[in-house]
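Visitor: Sequence:
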Amino acid sequence: MATSYLEGKTFPAGDHKDFLGSSAYYKADISIHNVRCEVVWDDVPTVRVHTAVSGNGSAGINWIWGGSTDAFFDLHLEPDPTVTLTLAMSGATLKATAVEVSSFDLKLVPTRGDIVSMIFSWVVDALSSTFGGIVGSALRGVDFPVGTFPAIPIDVDPVHLDATPANLTLSRFGDALALQGDVTVTKR
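Residues 6 to 193 (this note's numbering) make up the sequence shown, in order.
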């Protein structure tokens with residue numbers, strides 16, 4: 006569920022700086038793709054999520070007298086970032102906590118524009134710090150619900166029941182994760 010939620014997710018980034026009545030800007034759209042997940046086991050249930058991150062954007066100067074000078078670029082993170090998540094159950098809800106984010110470099114490739122050299126270093130610095138904050142330290146310690154396990158309908162005429170999981174815990178089952186807990190059965 007988590008990897009399908011992340012696949013294709015896009016994030017905008019941008020900023021501007023004013024100087025002498027003009028304004029320098031950058032903006033980018035970043036997307037996550039090729040999301041892969043592996044189960045690892047430390048002292049607690051743990052998964053590593055690997056993903057490719059790429060996008061494109063523009064940067065330039067909006068001049069005080071009107072008009073702008075713009076540059077356009079493609080971007081990607083190298084190597085692909087990896088986020089390590091610990092997993093825990095709360096009732097029937099699976100929760101994840103980000104405990105580690107791998108290091109990566111932001112690569113910008115100019116695609117067209119006439120002032121790339123003037124603003125390129127500012128854009129690289131600004132985007133690198135933005136990504137470092139979002140993907141790095143900002144994620145560490147963040148916990149979020151991955152999903153809630155629903156009631157399972159059992160319909161075998163004339164019997165109609167709902168099996169609702171409760172008090173679930175995670176355990177290791179070989180190289181996979183297993184759920185254990187209680188089930189409340191109610192008649193419909």
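Hint data in this document are derived by calculation from the structure and do not stem from the laboratory. In this text, all values refer to a predicted model and were calculated from it rather than measured experimentally. Hints are not guaranteed to be accurate.
[As the list claims (entries may be wrong)] Dumping the calculated PhoX-like pairs for lysine-lysine here, alpha-carbon to alpha-carbon at most 25 Å:
#	residue 1	residue 2
1	K32	K14
2	K112	K32
3	K100	K14
4	K14	K112
5	K22	K112
6	K22	K32
Visitor: If you test the structure against every hint from before, which numbers come out violated?
Guide: none
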